[in-house]
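From just these sequences and the hints, can you work out the full model?
Each chain, letter by letter, is given below.
Protein chains: 2
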Amino acid sequence: MKTGWIIEDQGNRKGLWVNESIFNVANGYLGVRGNYEEGYDGKEPTIRGTYINAFYDITPIQYGESAYAFPDTQQKLVNVIDVQDLHIRIGEESFSLFAGQVVSYRRWLNMKEGKYVRLVHWISPQGKELEIEFTRMASFTTLELFVMDVKITRINCDDEVTITSGMNGDISNYTNSNDPRVASDHAKLLHVVHTGVQDTCLQIVAETSRSRLRVAATTFHELTPCIEGRLIQTDTNLTKEYVFPKGKEVLRLTKYNVFTDTRRHEQPELCGLEIVKSVVSKGIKQIWKEQELYLEAFWAMANIEIQGDAPLQEGLRYNVYQLLQSVGKDKYSNIAAKGLSGEGYEGHYFWDTEIYILPFFILCQPELAKQLLRYRYTILGEAKIRAKELGHRKGAAYAWRTITGQECSAYFPAGTAQFHINGDIAYTYIQYYLATGDEAFIAEFGAEVVFETARTWIELGHFDDGVFKIDAVTGPDEYTAIVNNNYYTNVLAKYNMEWAVKWYRQLKSTHPEAWASLCNRIELTDEEIIIFEQAAAQMYLPFNDKLGIHEQDDSFLSKKVWDFENTPRANYPLLLNYHPLFIYRHQVLKQADTVLAHFLIEDGVSSDVLKSSYDYYEKITTHDSSLSSAIYSIMASKIGYADKAYSYFIETARMDLDNTHGNTKDGLHMANMGGTWMAVVYGFTGVRIKEDQLVLNPVLPKAWEGYKFSMQYRQAQITVEVNTNETVLMVDAVKPIVLEVKGKRFKIQTGKIRIAI
Amino acid sequence: MKTGWIIEDQGNRKGLWVNESIFNVANGYLGVRGNYEEGYDGKEPTIRGTYINAFYDITPIQYGESAYAFPDTQQKLVNVIDVQDLHIRIGEESFSLFAGQVVSYRRWLNMKEGKYVRLVHWISPQGKELEIEFTRMASFTTLELFVMDVKITRINCDDEVTITSGMNGDISNYTNSNDPRVASDHAKLLHVVHTGVQDTCLQIVAETSRSRLRVAATTFHELTPCIEGRLIQTDTNLTKEYVFPKGKEVLRLTKYNVFTDTRRHEQPELCGLEIVKSVVSKGIKQIWKEQELYLEAFWAMANIEIQGDAPLQEGLRYNVYQLLQSVGKDKYSNIAAKGLSGEGYEGHYFWDTEIYILPFFILCQPELAKQLLRYRYTILGEAKIRAKELGHRKGAAYAWRTITGQECSAYFPAGTAQFHINGDIAYTYIQYYLATGDEAFIAEFGAEVVFETARTWIELGHFDDGVFKIDAVTGPDEYTAIVNNNYYTNVLAKYNMEWAVKWYRQLKSTHPEAWASLCNRIELTDEEIIIFEQAAAQMYLPFNDKLGIHEQDDSFLSKKVWDFENTPRANYPLLLNYHPLFIYRHQVLKQADTVLAHFLIEDGVSSDVLKSSYDYYEKITTHDSSLSSAIYSIMASKIGYADKAYSYFIETARMDLDNTHGNTKDGLHMANMGGTWMAVVYGFTGVRIKEDQLVLNPVLPKAWEGYKFSMQYRQAQITVEVNTNETVLMVDAVKPIVLEVKGKRFKIQTGKIRIAI
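From first to last, the protein sequence lines stand for chains A and B. Counting from 1, one number per residue, gives the positions in the first sequence under full-length UniProt numbering. Counting from 1, one number per residue, gives the positions in the second sequence under full-length UniProt numbering.
Simulated from the structure, these hints should not be mistaken for lab results. Given the structure is predicted, the values throughout are model-derived calculations rather than measurements. Treat each hint with caution, since some may be false.
[As the list claims (entries may be wrong)] If you want the ones that stay clear, here's a sample from chain A, every Cβ over 10 Å from chain B, calculated: (1) A67; (2) F98; (3) T153; (4) D159; (5) S281; (6) G466; (7) A481; (8) F582; (9) S647; (10) I753.
[Unchecked claim] Below, simulated DSSO-like cross-link-like pairs (lysine-lysine); rule was C-alpha separation at most 30 Å, straight line: (11) B/K277 - B/K331; (12) B/K742 - B/K644; (13) A/K560 - B/K384; (14) B/K560 - A/K546; (15) B/K384 - B/K329; (16) A/K331 - A/K611; (17) B/K644 - A/K502; (18) A/K151 - A/K188; (19) B/K394 - A/K394; (20) B/K747 - B/K370; (21) A/K560 - B/K560; (22) A/K560 - B/K747; (23) B/K388 - A/K619; (24) B/K546 - A/K560; (25) B/K188 - B/K388; (26) B/K115 - B/K128; (27) A/K690 - A/K508; (28) A/K560 - B/K115; (29) A/K188 - B/K188; (30) A/K560 - B/K394; (31) B/K394 - A/K619; (32) A/K285 - A/K151; (33) A/K388 - B/K747; (34) A/K388 - B/K560; (35) A/K546 - A/K394; (36) B/K546 - A/K546; (37) B/K560 - A/K384; (38) B/K708 - B/K611; (39) B/K619 - A/K394; (40) B/K546 - B/K508.
C-beta: ideal position from N, C-alpha, C; glycine also.
Right, dumping it as structure tokens:
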């Protein structure tokens, strides 16, 4: 085994369903949870799930009391056809880890090969001994493909072995009415329209209830030795039973499963058959090889090597790998809050993508970053419609949570009120531009998004006595809602409008035709730009002189501080134990808010303020949101709190592997996973993408001997190596770039920079 | 007909269902909407309803996203068994106002007799001529009784006449998912458990689905001439068919309907039979007589006579009459937002009772006022449980809307967040005490409520830099939500705590035993009282120096003023046309808030501030709530804006009769009806109940020649007569009282006071 590239089943997590999330196998299009092929004992809770990114149904939202422009339906990621079933019988006995004797059991994810393996040495109650090896893979090169492979070795016995391989279309989603973070209702979304056999392939076609999307699962079985199977067909299921005669040879079944859907494939049934044929003719070995090659290229850019801390190395790499597994690779999809690993947050896309996940893609996989940003452009039309519904005359109001752009949040104080998502999206377009210099993309997509979101601030805010104010919004911290002049929101709004002005003037000269066409299309005028400029310049940024910090919002610091001393550990997360009003009444944060603003936009904020702000807000932050620790780690690095930086980093790095938030069963915390990478690159290494240079301020955590990673900046490949003595930067660019390392500026095209630590 | 005592069917309202509300017949226990006995044409919309005050079922509340301590069920007033059906046939033709020729039609409510009459002269399509007179009454002396009477006169014909009289147990509630002010779901609440005949009475017994309350309707038919009928019985219905032979005599059917329920009657079936027997033996004439005597006594106290404005006289009297029809007369019930006239707001009790309705009862029917206040005492236990759910260590948090005390609000920003309801209840106990001097009631009930609500402010608020602040609440104005230091809330909290301190000290000496027992029971200590005193003394009351007004809340005046100029008339009420966030972002009021606070607690506020406040807030108030105009009328009187006082008064006086809010079909606006009375007594007459005197500042509206009304103050009967020259007060007391009239103080026991106008 290659050290640090393997995630092993630790068996010590709470419940098998936690491991189902951790051992999910996905490729951004398709995701399958790490369920046992043969199932459990009927007592262990499970969420048996297969998901296709952005494949959704529509469910009604019920309100006790509704109000104008509350969304009346919601989109929901659908648990699709289950092809995982593989049941093994030896003689009359069924293989189960809950019967007989488990001599040895190992399960692991190999992140270099992109494969999941479960290896069991088992003795049946009647003493028959088997070694069984299950392998699974969701292909990164053929996104529709989920391939399974099982090898069975008979030890000290030669009995007949039966493998029953199933496809099940009678699937429901998971619900829990007591947890606001998962769906409470509407489990049955998918209905089978067809089961059948064509060209030796099994195929189930199913349709969603309201969105009327169709999915086809097409499966081909390859057997060694080659035998014929018996088909069992029902209205919703297809099963093949293969009976291997007595003997000693190794038995093997390879199950090629292809998922196609009407969002991407015009004729999913036909297309499914074609893809199956092509992958079968390629063969399993070749498929595995392609996967390895894909990952080799990926890791060449994305790998962070740490010397001196194996568990963290493992966590960090796992988190980055999950980002790759989750990222949508077409214009229909993005990264859901739980990736494709579970149903938590119903497969919706949030600001998490922009603020926590895109930084990795921008610096390591800019082509995928571009794809993610294009997704926001494709839903701009929906955001403009939503703005109108919300009473705005112009602009775009992006949905707080959505799949195809419509608002799916059923609780506006911590949903629609989080208008900052518009600033987050604009900010990230700008970051992408600063990192890549890709002005063509801005002219084509980015400027329009930034102009429309800038308009939203003008609609939301107003000039009052020489300052521009934005009332009745909720910032990132959901433990305070519907406030005036949230610092985070205002500072992002200011940035958003400043760049709208900048790009308006810049594109006018660099891309005059695109500029003119855009301005004409969205009726953008010089007058509006002047208003953006004024609003940005006069933006109100609440500041408390006594504490020397920016106030989270107008009234935050005058509230009562939460009584942490008398809050038992069991009462966290607070949202599950206190009424929102009780929480809103106090100075208490679910997650970084002003501190996050200081990370995103540091220019113009003195280091004293950064530090005071950190000190103040940290004391009252619960980190009940998984979006918090990474930011506190980064800002601790910035301020020089090395110990805090490291301990927050640890929290992020193994949050899901160690199920520290207790809800990993519902899926992995994708934003936090992006945050782990950020904590190294933006935190320990102090990377900041500025308007005309890349800034680095590397430090080495005490516990480490060194670390190394790569990134791409303005088409330059930069490798950063930090060890106990020095930082070494290797640059390979097509034209000179400017780096500022520990305060020193370098203009460099190719070569090394060495700076003492 | 007696002028001013009759409300006639004007036929010009939008739809018959508006008249169903207006012509409801109720007595505080039982209410029947003014449906036609024979029904409509199947096309006219209708809400056919019969309600028993506080007779409810429980329905689940669905949330798109729920949170901790959101109520998961709601109570809902149940539409009970319908006994209204009377179908008349002459020959083969059925009487219907939608067929044949209506020669004349009149319908009226006689408020002196407490009777509703519908008189129709009708010619059938085949030319048969009938005069039909329907009479209805809900008895004020036998609350269970709803009696109907029909007289049929054959004109120019002698054909056989059939009357079919029905009782229907297959009843559903009205729902409309598009209007937050009525129920959106769960129509079928009632299920028949028995239909049958006993002792010549028909009886249907039905049960609610979840609350498992039972209601029995017991009916007896009295016929002239006496004939036998034919019974038609189904699982849910009982019908009697009476065939009157050919002839010329006047035909008459009297239908005695008695409703009994398990909330008030141990054996409703038995009890229903007994009551029916007793009322039948009494006979219809005697029942009508008793009703008249009851109303004679009522009007002796409650009548306001206006000289010179017949439509307003009618409206004013109608509104007062409806208060009597709606008021619960036992400890289980209160006054629902729509009384017993419709299903709007689901039969819930709100702060409306205390702030808008109790003033009338306190000064005109103190025994009923006491009953209403006792209701709050009976649900104090529920309020204490709710306080705990909301995270408070002690105190009582009254439900924003409820029947038996549990919170039924499914939208906390304009529900649970309106903590001011605790102050409103405390305030009204204090008002009752000041008006009646009934210290025994305070010792027994009032003090406990006031102490427990005082505790709630300590839980909600906190000391900050020498002032006491209350964060994250919503004031009366629902167009601004979850704010800090709402002036209205804070000023009532201050008052609440001041009186808690006062009564604590007062009862200690006047009722030492009751005091000691209470303090012991609720563990109230001197230390707590000192904290109440400090919090009251240091209460933060936001004030804006520039405008010279109290600010509605901390941040209200810094918001953008609503763009009234560009808001089309069709966009009101705003809540049906704008997202809450859009509304919350603006300076715009649904209803009086600070202005209401100034009415309730005027001491310590200068007349300049009162005036500036009125001027400022009036401009930005939409009066989208029916609770607004009355208060603006009263405060206009206070300030001396005679024209405004009068025009707001007109709006309240005929709000339902003229359906000015467009939703009278869902029931009458009870709070507004109380407000009309207040606009005369507190407004034009300037009545204020002070700690040691009653203050009056009468004026005569220009349009009137005079007005006259009575009230009771500290067991004194006071009649106030205002005419163009003078005000005459007639006092008849058991001991001297102090009156301050136009700034002059009088100590008087019996006699007249004359003051020039």
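Results of checking the hints against the structure:
1. A67: violated (5 Å)
2. F98: A/F98 is indeed farther than 10 Å from all Cβ atoms of chain B, at 35 Å.
3. T153: A/T153 clear of chain B: closest Cβ-Cβ about 51 Å, beyond 10 Å.
4. D159: Holds, because the least Cβ-Cβ distance between A/D159 and chain B comes to about 53 Å, which exceeds 10 Å.
5. S281: holds (48 Å)
6. G466: Given a closest Cβ separation of 12 Å, the condition holds.
7. A481: violated (7 Å)
8. F582: violated (4 Å)
9. S647: Non-interface label stands for A/S647: nearest chain B Cβ at 29 Å, farther than 10 Å.
10. I753: Correct as stated: the minimum Cβ-Cβ distance to chain B is 50 Å, above 10 Å.
11. B/K277 - B/K331: holds (26 Å)
12. B/K742 - B/K644: With a Cα-Cα distance of about 21 Å, the restraint between B/K742 and B/K644 holds, given a limit of 30 Å.
13. A/K560 - B/K384: OK: A/K560 and B/K384 at ~23 Å, within 30 Å.
14. B/K560 - A/K546: holds (28 Å)
15. B/K384 - B/K329: holds (24 Å)
16. A/K331 - A/K611: violated (41 Å)
17. B/K644 - A/K502: violated (53 Å)
18. A/K151 - A/K188: The given pair, whose Cα atoms are some 34 Å apart, is violated under the 30 Å limit.
19. B/K394 - A/K394: Roughly 49 Å between the alpha carbons, so the hint for B/K394 and A/K394 is violated.
20. B/K747 - B/K370: This hinted pair holds, its Cα atoms lying about 27 Å apart.
21. A/K560 - B/K560: holds (27 Å)
22. A/K560 - B/K747: violated (49 Å)
23. B/K388 - A/K619: holds (27 Å)
24. B/K546 - A/K560: holds (28 Å)
25. B/K188 - B/K388: The hint is violated at about 33 Å.
26. B/K115 - B/K128: holds (29 Å)
27. A/K690 - A/K508: holds (22 Å)
28. A/K560 - B/K115: Outside the cut-off at roughly 58 Å; violated.
29. A/K188 - B/K188: holds (25 Å)
30. A/K560 - B/K394: holds (18 Å)
31. B/K394 - A/K619: With Cα atoms ~27 Å apart, B/K394 and A/K619 stay inside 30 Å; holds.
32. A/K285 - A/K151: holds (14 Å)
33. A/K388 - B/K747: violated (64 Å)
34. A/K388 - B/K560: Holds, at about 19 Å.
35. A/K546 - A/K394: Given that 30 Å is the threshold and the Cα spacing comes to 39 Å, the pair is violated.
36. B/K546 - A/K546: With Cα atoms ~25 Å apart, B/K546 and A/K546 stay inside 30 Å; holds.
37. B/K560 - A/K384: It holds: about 23 Å lies between the C-alpha atoms, which stays within 30 Å.
38. B/K708 - B/K611: Within the cut-off at roughly 28 Å; holds.
39. B/K619 - A/K394: With Cα atoms ~27 Å apart, B/K619 and A/K394 stay inside 30 Å; holds.
40. B/K546 - B/K508: violated (45 Å)
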